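Asks: Sequence:
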Amino acid sequence: MIYEQNELKIRARRGDISFEPDTIKLYAYLRRQGKRWRTESVLKFIEITKEERNNILQPFLEVEMHEAQKLMDDLWDCGLRPSEGTGSAGAMAATQEHLQDMKTIAFHALKIQKKES
60 MIYEQNELKI RARRGDISFE PDTIKLYAYL RRQGKRWRTE SVLKFIEITK EERNNILQPF
120 LEVEMHEAQK LMDDLWDCGL RPSEGTGSAG AMAATQEHLQ DMKTIAFHAL KIQKKES
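Residue numbers (the numbering used here): 60 to 176.
Just so you know, these hints were derived from the structure itself, not from any lab. Be a bit skeptical, because a hint or two may be false.
[Claimed, not checked] Capping the alpha-carbon separation at 27 Å, the derived lysine-lysine pairs in DSSO-like fashion look like this:
#1 K84 / K68
#2 K109 / K84
#3 K174 / K162
#4 K129 / K109
#5 K129 / K103
#6 K162 / K68
#7 K129 / K84
#8 K162 / K173
#9 K68 / K103
[What the hints assert, rightly or not] Pairwise CB distance ranges (calculated):
#10 E106 / Q159: 35 to 41 Å
#11 E111 / N65: 28 to 34 Å
#12 I83 / E106: 17 to 23 Å
#13 K174 / P80: 48 to 54 Å
#14 I171 / E121: 54 to 60 Å
Note that the structure is a prediction, hence the values are computed from the model and not measured. Here a beta-carbon is modelled for each residue, glycine too, at the ideal position from N, C-alpha and C.
Kindly generate the complete structure, drawing on both the sequences and the hints.
Replies: This is how it looks when you write it as C-alpha cells:
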C-alpha cells in the first residue's frame with residue numbers, strides 16, 4: 060500500500076531457534092521514495108482496545124495484492140502450508156482423480172482389461 064510517497068512493506072520470518080515455542084515474526088515498515096529506498100518508519104506492537112459489541116469492525120491493516128503475495132511467499136518460506144489441502148496439493152489430487160476416471164472410461168471404450176496391481 061502506498062501512503063503519499065511511502066510504500067508499506069510487510070515481511071514474515073521464522074523465529075530464532077530456541078527452547079521457546081516455534082513462532083513466525085511479522086515486520087512492517089514504510090519506505091520513502093527517492094533516489095534510494097530508505098526505511099523511515101516501522102510498525103510497532105499493535106494496540107488492542109475494547110469496542111462496543113455492535114460497532115463496525117475496521118481492518119487494522121490494508122495491503123495491496125503484491126504485498127499480500129510477498130507475505131504469503133514469506134510464510135511459505137517459513138514452513139507454513141494450507142491446512143485443508145487446498146492450493147496446488149488440492150489441485151493435484153483433483154487432477155489425479157480426473158485422470159483415473161479418464162483411464163477407466165478409455166479402458167472400457169477400448170475393451171482393454173485393466174491389469175491388477
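Asks: Hint by hint, note whether the structure agrees.
Replies: Okay, the hints, checked on the actual structure:
1. Among the hinted pairs, K84 with K68 is consistent with the structure: their alpha-carbon atoms are about 14 Å apart, no more than 27 Å.
2. For the hint linking K109 to K84, the alpha-carbon distance of about 25 Å falls within 27 Å, and the restraint holds.
3. Restraint check: the Cα-Cα separation between K174 and K162 comes to about 12 Å, which is no more than 27 Å; the hinted pair holds.
4. Under the criterion of a C-alpha separation no larger than 27 Å, the hint pairing K129 with K109 is inconsistent with the structure, at around 31 Å.
5. A threshold of 27 Å between alpha carbons decides the hint, and for K129 with K103 the separation of about 20 Å falls inside it, so the pair holds.
6. Restraint check for K162 and K68: the C-alpha separation of about 48 Å exceeds 27 Å, so the hint is violated.
7. The suggested pairing of K129 with K84 holds, with an alpha-carbon distance near 14 Å, which does not exceed 27 Å.
8. With a CA separation close to 9 Å, the supplied pair K162 and K173 stays within the 27 Å bound.
9. As the CA atoms of K68 and K103 are separated by approximately 13 Å, the hinted pair is consistent with the 27 Å bound.
10. In this structure the supplied range 35 to 41 Å is violated for E106 paired with Q159, their Cβ-Cβ distance being about 53 Å.
11. Under the hint 28 to 34 Å, the C-beta atoms of E111 and N65, about 32 Å apart, fit the expected range.
12. Distance hint check: the CB atoms of I83 and E106 are about 21 Å apart, consistent with the given range 17 to 23 Å.
13. Separation of K174 from P80 is about 50 Å and conforms to the stated range, judged on CB atoms against 48 to 54 Å.
14. For the pair I171 and E121, the supplied restraint of 54 to 60 Å holds, since their beta-carbon distance comes to about 57 Å.
Checked against the numbered hints listed earlier, the structure breaks hints 4, 6 and 10; every other hint is satisfied.
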